[in-house]
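Heads up: the protein sequence lines correspond to chains C and W, in order.
For the first sequence, the residue numbers in the working numbering are 1 to 287.
For the second sequence, the residue numbers in the working numbering are 288 to 776.
By construction, these hints were calculated from the structure, which means they are not laboratory data.
Incorrect hints may have been included.
Which bits of chain W does chain C cover? Going by a derived footprint, with three or more residues having C-beta under 8 angstroms, they are [unchecked claim]:
| id | region |
| --- | --- |
| 1 | 497-511 |
| 2 | 745-755 |
Listed below are the simulated DSS-like cross-link pairs for lysine-lysine, each with C-alpha atoms no more than 25 angstroms apart in a straight line [said to hold, decoys possible]:
| id | chain 1 | residue 1 | chain 2 | residue 2 |
| --- | --- | --- | --- | --- |
| 3 | C | K58 | W | K731 |
| 4 | W | K551 | C | K235 |
| 5 | W | K539 | W | K551 |
| 6 | W | K551 | C | K237 |
| 7 | W | K522 | C | K235 |
Ideal placement from N, C-alpha and C gives every residue a C-beta, glycine not left out.
Below, each chain spelled out in residue letters.
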Amino acid sequence: MRNRLDIWKTYKLYINGKFPRTESGRYSKWTSPDKSVIINVCRGSRKDFRNAIVAARKSFDGWSNLSAFNRGQILYRIGEMLEGRRDQFINELMIQGSTNKEAEQELKQSIDRLIYYAGWTDKFQQIFSRVNPVSMPYFNFTVPEATGIVAVIAPENSSLLGLISVVAPAIAGGNVCVVLASSSKPLCSITWAEVLHSSDVPAGVVNIITGIKNELLKHFSSHMDVNAVVYCGDKMKEIRTIEKMSSLNVKRAVIYQNTDWNPDTSQGPYYILDTQEIKTTWHPIGI
Amino acid sequence: MSKKTRKLSFDTDWKFSPALENTEYIDIKKRYGLFINGKFIPSKGKKFFDTINPANEDKIAEITDANSSDVSLAVQSARSAYEKVWSKMNPSERGKYIFRIARLIQERAREFAVIESLDGGKPIRESKQVDIPLASAHFFYYAGWADKLNYAFPGRSAHSLGVAGQIIPWNFPLLMAAWKIAPALATGNTVVLKPAETTPLTALKLAEIIQEADVPPGVVNIVTGGGATGRAIVKHPDIDKIAFTGSTEVGKYIMDVIAGSGKKYTLELGGKAANIIFEDAAINQAVEGIVDSIFFNQGHVCCAGSRLYVQESIAQEVIRKLKDRMETLVIGNPLDKNTDIGAINSKMQLEKICSYVDLGKSEGGAIHQSSCSLPEKGYWYPPTLFTDVSQSHRVVQEEIFGPVLAVQTFRTVDEVISKANNTPYGLSGGVWTEKGSKLFQVSKEIRAGVIWANSFNKFDPGSPFGGYKESGMGREGGVEGLYSYVGLD
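Please build the complete structure, drawing on both the sequences and the hints.
What follows is the structure, given as structure tokens:
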């Protein structure tokens, strides 16, 4: 009996709830550290990024106006779906160079982090909202609100846990994201998109692009319809580019430098607050 | 369409007699040095500029133009005070110094109010009732936070940043100094503050109070000057945090210059706020609100409601009543207690306003101005509104920073929300309706940091202020104002 021939997976982009190839038609050859796997990764372009921004902007109203409870349900669902595909992710993390133990640990922590933020969606507002005792007869209250589109430069070395650690707080807070995945470990970021796709996350809320950081960094930080840019990494030249380009439309530049995403101290409502705006409303009191 | 309503009656046979504030006992020196390390000292550069009274163009005093070595000296003194004294001080003692500043401002409130109106042109009624009491209240509010910071950041602990470089505008000179200095000191930082070129006097008087209060030398340094002095602060390598209030253009420049430096920053920038009047609003109150929104402080307000949106069914009535009300506004000597609208802050600002109004006319807008007479000397501009303008007009899109209102109409809630948000700015917004559910809906959908519902231009130290989008980042006031001056562990 002949051996069955494997079906290889095509790794594509995730934009607007679909899995297109890059419009550029370009690719980068990616070889696993042990040379056993070679794939063609989409080399995403500026146009792919701009398409993702259009999709993200369209999805923002719906996602940010969803009830906080409902957003929590959807984040929890992402955790459920990830749990159900443990073997696939452990396999991919190992192809990317993790040991079995490391892969197991990263996956467990990734699922737990999703569940953690699922629980925050309807609580961080209660931590960071206030009623302010102003000196005039006014009712005055302050609440956090999603800032809008968050462009995320995901961590290079923590391709699943790191990615989830920055995307989960952003979407938990009602933002929508366009993510540049780790270029040295691109596999599980795209596979995570399949998890999102089967978790009732509306199209456009999370968009994931693979490509070359040097090419895309300036587009991620200069686009005029991006409200915040989250950068995970420690390259001073990249941080400078991000901060400089952010000046074009006063983007919120959030820099996570040298963060180890593994411990529980690398999570918390302050990560949600990093991509929130603060709104204060006044109303007179009287008859 | 419009309901039959009676015209607002402001007619009276009574005429206002002059009611001038006495300036005799106000103590202003002929020349001011820089306030560095607890003393007024001369600049190494020996350059000066005049600060003038915009209501009569008279010179008030000579002000030192600080150069970059003066700024360096100020930063050194702030650094040394930070490391040796202020960051090590028991927080409750730190708070007591700030309480002292608040009390001393209260004691000298009248003097400060008069100087504020002399130097900046704002009506004495506003200096007395708004600027000075709020400045004092701001110090009082943050003084109390100094030893309670552990309660402000649940689950985390806060540490101070170091030396803060602070640059403030000319529209609320003392109040902006208070907004910057009070939270910075309460959280354990020391500061180098640059007041605006045209309105340095109350900041220098505040320096006197800081001396009187025995605040340790170097904790607060005040350097006067123009753009070059500001640039020296922004670029100084030993400053840990920049806090800026001013134009979006300069805010973007600051972000660009300090990119990659590791400096933290908060920016409070321009605005072009929508003030939305629905047909179910209390119309007479709304008309007063429109006046507050655009003519308060001659419209020199970053959060001014400079775009008015009136629902079509009431537009005729609202505009007629607004025009009637504009006729009654008293324009003149800022030191007169009856004055509603004072002098434009500077010649440069007056020219900017004039050029925008010319632009509005040339783009086809219909202009209406109060028929008031303007004094001959000084810088003045009458209350002005444009109708027949649309979203693409520059007087609708760009910040004028003067008493110039652009009026548009709308039919539906969705339409007005999309128009209100169609701007790169997002500082503030106004909503007028007697229907609570609509008010909450619209307040939520306006992308701006401060929403005044059935009100406009209200401020309080406990109420966070600051913008979305290109109106800046970070908040001043309230608990949120503390975040701007701490790092969290």
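Going through the hints against the structure:
no. : hint            : in the structure
1   : 497-511         : violated (count 0)
2   : 745-755         : holds (count 8)
3   : C:K58 x W:K731  : 18 angstroms, holds
4   : W:K551 x C:K235 : 18 angstroms, holds
5   : W:K539 x W:K551 : 14 angstroms, holds
6   : W:K551 x C:K237 : 17 angstroms, holds
7   : W:K522 x C:K235 : 22 angstroms, holds
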